[in-house]
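A.B. asks: Residue strings, one per chain:
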Amino acid sequence: MSKIVRGRPGQTSPWLAIPTIAYLFLTIGIPLFITVVYSFLQRAKIGMGVTWHFSPKAYKDLFILENLDGTTTFDTRYVKVLWHSFQYSAVTTVATVVLSIPIAMWIATRNESTRNILVAAVTLPFWISILIRTYGLRQIIDDNGPIGWIAHKLGYENFHIIYTPIATMIGLTYVFLPFMILPIYASAERFDFRLAEAAYDLGAKRWTVFRRIVFPSIRPGVIAGIALVFIPALGSFLQSDMLGGGKTNMIANVIALNFTQARNWPFGCALSVLLILLTLLLVQAIRLISKKFGDQVSLV
Amino acid sequence: MGNIKRRRASYAAAIAAATALLLTACGGSSTSGTPTAADTSAAFPTSGSGEVHLYNWTDYIDPEQLTAFTAETGIKVILDTFDSNETLLAKLQSGATGYDVVVPSDYMVAQMIELNLLQKVEPATFPNGKNIKPNLLNDIYWDAGRHYSAPWMYGTTGIACNTTAEPKCANIKSWHDYFTAGLPKMDSLKDQVEVVSAALRATGVAPADLCTTDKSKYAAAADLLKGFKPAVIDSDSGIERVIAGTSNVRHAWNGSTHRMKDKVPGVEYIYPSEGLNLWADNLVVPVGAPNLDNAKIFINWMMDPAHAGAESNFSGYDNGITGSDAFMSDSLKSDPAVVVPADKTALISAVPPCGQDARDLYTQVFTTWLGEQN
Chain W
305 MSKIVRGRPG QTSPWLAIPT IAYLFLTIGI PLFITVVYSF LQRAKIGMGV TWHFSPKAYK
365 DLFILENLDG TTTFDTRYVK VLWHSFQYSA VTTVATVVLS IPIAMWIATR NESTRNILVA
425 AVTLPFWISI LIRTYGLRQI IDDNGPIGWI AHKLGYENFH IIYTPIATMI GLTYVFLPFM
485 ILPIYASAER FDFRLAEAAY DLGAKRWTVF RRIVFPSIRP GVIAGIALVF IPALGSFLQS
545 DMLGGGKTNM IANVIALNFT QARNWPFGCA LSVLLILLTL LLVQAIRLIS KKFGDQVSLV
Chain Z
596 MGNIKRRRAS YAAAIAAATA LLLTACGGSS TSGTPTAADT SAAFPTSGSG EVHLYNWTDY
656 IDPEQLTAFT AETGIKVILD TFDSNETLLA KLQSGATGYD VVVPSDYMVA QMIELNLLQK
716 VEPATFPNGK NIKPNLLNDI YWDAGRHYSA PWMYGTTGIA CNTTAEPKCA NIKSWHDYFT
776 AGLPKMDSLK DQVEVVSAAL RATGVAPADL CTTDKSKYAA AADLLKGFKP AVIDSDSGIE
836 RVIAGTSNVR HAWNGSTHRM KDKVPGVEYI YPSEGLNLWA DNLVVPVGAP NLDNAKIFIN
896 WMMDPAHAGA ESNFSGYDNG ITGSDAFMSD SLKSDPAVVV PADKTALISA VPPCGQDARD
956 LYTQVFTTWL GEQN
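Residue numbers (the working numbering), protein chains in the order written: chain W, 305 to 604; chain Z, 596 to 969.
Bear in mind the hints are in silico, worked out from the structure with no lab data behind them.
Heads up, a few of these hints could be off.
The following label-pair restraints were derived from C-beta to C-beta distances [as the list claims (entries may be wrong)]:
#1 THR653/Z with GLU416/W: 45 to 51 Å
#2 ASP675/Z with ILE325/W: 33 to 39 Å
#3 ILE334/W with PRO762/Z: 55 to 61 Å
#4 PRO947/Z with ARG591/W: 52 to 58 Å
#5 THR376/W with PRO722/Z: 58 to 64 Å
#6 ASP675/Z with LYS349/W: 49 to 55 Å
Predicted model, so just to flag it, every value in this text is computed and none were measured.
By construction, the Cβ of each residue, glycine as well, lies at the ideal position given by its N, Cα and C atoms.
Whenever a hint applies, use it, and build me the whole structure from the sequences.
C.D. replies: This is how it looks when you write it as structure tokens:
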């Protein structure tokens, strides 16, 4: 990026933004528009897709359930699925933060050439398709895999991780970990570790040093990491499908079902719109939090 | 990706055009262009050039047969795969061209005909059309008389049970037994139609009435499903899980069960007493197929008993071609999961697709059940 900016700051031509704007318009703007429009249409009588008749039914169906016994009640099913998606994403985010801070700090305290190798190592998983990595993880945490074998040897006969919500969260944590490590590392790298030494010299305990000196410096990275992990995790469906045994539904699984077997595209679109709105709320919340601390979070 | 596909399609179109030119130049009978019944009077081509683009289910055709086809006919097969009828429909409906032969199941054929997505190529009049099994020729709801579709594999959806690992398999004689067995290591398919129709059968709905819009019937099915908490709900991993011993009882296709038996001899296929669904896959030619002649040659070749038999050996399913059993392996021919025993044939019926209202009720029961799992 810095290569493009040759002159002093503020002198770059605004026209340079056009490719980015065009790209975002084509890949986000138009699909978003189609999603919103489709959510207000009726679905096709046969086959896939929609017919061009206005209908708010999809939104009604989000919350109102016509029961099989003829009564009408508030539909808790999608709220529940959303709540589960939130829980899984929240646990994933916490797990990635806890794992990433020591990893990022450790990398940041190596010498420069080691640091470069380690950062490259963190990005190494991106070289392989996420689908293949998830299959690989499934083999590892399967009852017949190494984890199951060790648990069995230790005497835990009923040890069982695969096809549970825990497996889903392990899968999410595994996939999103680099997205937490890298921003935290970016903050930690700029941290002047002499400050921590000074705190030690002045008698601060380890935990106090971390809490009052180190953490405030890496907080922008943590907040950026939360945005990069929590939001995509909320829309994930591969992990719950492959590792959760098809039972731990996340909202994206329900959306996928409506575009395939259920063949209700307007409803799938309405669910997507709901997810987008919730995501926007989250982004706002994260922005407010970072503002409160006065941090500069480059990614939000 | 899109670019590569488009390039491939235009390449295919160029070849089709070249083939058409060649055919007219030779003064031969041109069978390309709009298909009509009159075409059949012309000699049926047995070899060609260029490519045929096949869009098939994953792991559903013998690669050796494709090599043999190319060696015999000079036509190269380009294979692309899909994972569900809905994926296939979405692709064709979105206007994807470039496929010459696709493989939809029964109900999907009916829908594609209704949506004008298929060419009326009259497979029954092909040289090998005479081999179509009589019961799969006229008495089929999706394409009576076989004007659009040639038969491919067919099978049933029942219950696979590992009798060695789970002695209580003997107690499972019906769908009701299956849903209420409460055994460990039970799996389910993740298929709205299969799961809900089985639950409807289990609660006393007659096979002919499976598209009912009577909500009380669905309420009963939903009640039954409420207590059914399988270890895994998944349509893809069944064979490997049963072989690995992580699953002992599961809602399964008969061909998958045959493949499980190969590795785990204790596995048995149960024909539930309330009856089971018959499904049948088909070879069809979509509108806009760039290589129509090659598509016909391919379909005709696959209706040869030797080739159909080889495909059955590969997939573990019976097929719709008379005389193909002579080419099937003994283990396949002697498997009651694959070749339906005489006393079970009455249990089996093809289920026509339900209307919108019934399908919505299926969706409601299915999503409610999935939501109750965690």
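A.B. asks: Next step is simple, just say for each hint if it's right about the structure.
C.D. replies: Hints, one by one, checked against the model:
1. THR653/Z with GLU416/W: 45 to 51 Å: holds, 48 Å
2. ASP675/Z with ILE325/W: 33 to 39 Å: The hinted range 33 to 39 Å holds for ASP675/Z and ILE325/W, with Cβ atoms some 35 Å apart.
3. ILE334/W with PRO762/Z: 55 to 61 Å: holds, 59 Å
4. PRO947/Z with ARG591/W: 52 to 58 Å: holds, 54 Å
5. THR376/W with PRO722/Z: 58 to 64 Å: holds, 60 Å
6. ASP675/Z with LYS349/W: 49 to 55 Å: Once the Cβ atoms are compared, 29 Å apart, the range 49 to 55 Å for LYS349/W and ASP675/Z is violated.
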